[in-house]
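Enquirer: Quick note, the sequence shown lines up with residues 620 to 780 if you use my numbering.
The set of hints was computed from the structure by calculation and includes no laboratory data. For each residue, glycine too, the CB sits at the ideal point set by N, CA and C. Watch out, some of these pointers could steer you wrong.
[What the hints assert, rightly or not] Pairwise CB distance ranges (calculated):
1. Asp765 <-> Gly696: 41 to 51 Å
2. Glu628 <-> Ala721: 10 to 20 Å
3. Ala770 <-> Lys684: 39 to 49 Å
4. Pro725 <-> Leu755: 18 to 28 Å
5. Phe634 <-> Asp747: 38 to 48 Å
[Unchecked claim] Below, computed lysine to any residue pairings styled on SDA-like, alpha-carbon distance capped at 25 Å:
6. Lys663 <-> His729
7. Lys663 <-> Lys779
8. Lys779 <-> Ser763
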Amino acid sequence: MILIAAAAENNALGFQERLPWHLPNDFKRFKRLTSGHKIIMGRKTLETFPSALPNREHIVITRNKNYQAPFECQVVGSMEEALALGDGQEDLYIIGGGEIYALGLPFATHIELTRVHTEVQGDAFFPDFSDEEWVLEEAEMHPSDDRHAHAFTFLTYSRKA
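Using the sequences and the hints given, assemble the complete structure.
Expert: Following this line, the structure appears as structure tokens:
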């Protein structure tokens, strides 16, 4: 299972249900990596989408047993239930938010993190993870430009054996 996120230097993911940046190349990477796979998210993350993300099967975790999703998805009450719907699929992506990343981290084999080189106010944060448990496999730096207000780095981590 893979966590995929964009987080600031202070691990902020978002503020008031919104991303604090617009990074088109990060969106392209997210689409390329998650397309054709199951994606797990919390209710708040799901509700930020105007419609279902194409070519992905949505799984939403919520404490509300009577939750009615705004579009077709599978609704579960726990990370364990969400993982069971993955049918052992290795490329199962957790896409947020902060609480869901924290619940998924112990199960993850990889992290695809876009580190946004700024600090922003946040109310959702990516969980801390230890260099003792994770190895950095790849880092691809992108400077700021006319389409990206902040420099960012695509980081790929794998869990140490």
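Enquirer: State for each hint whether it applies.
Expert: How the hints compare with the structure:
no.	hint	in the structure
1	Asp765 <-> Gly696: 41 to 51 Å	holds (45 Å)
2	Glu628 <-> Ala721: 10 to 20 Å	holds (19 Å)
3	Ala770 <-> Lys684: 39 to 49 Å	holds (43 Å)
4	Pro725 <-> Leu755: 18 to 28 Å	holds (19 Å)
5	Phe634 <-> Asp747: 38 to 48 Å	violated (19 Å)
6	Lys663 <-> His729	holds (23 Å)
7	Lys663 <-> Lys779	violated (31 Å)
8	Lys779 <-> Ser763	violated (32 Å)
Of the numbered hints stated above, those contradicted by the structure are hints 5, 7 and 8, listed in ascending order.
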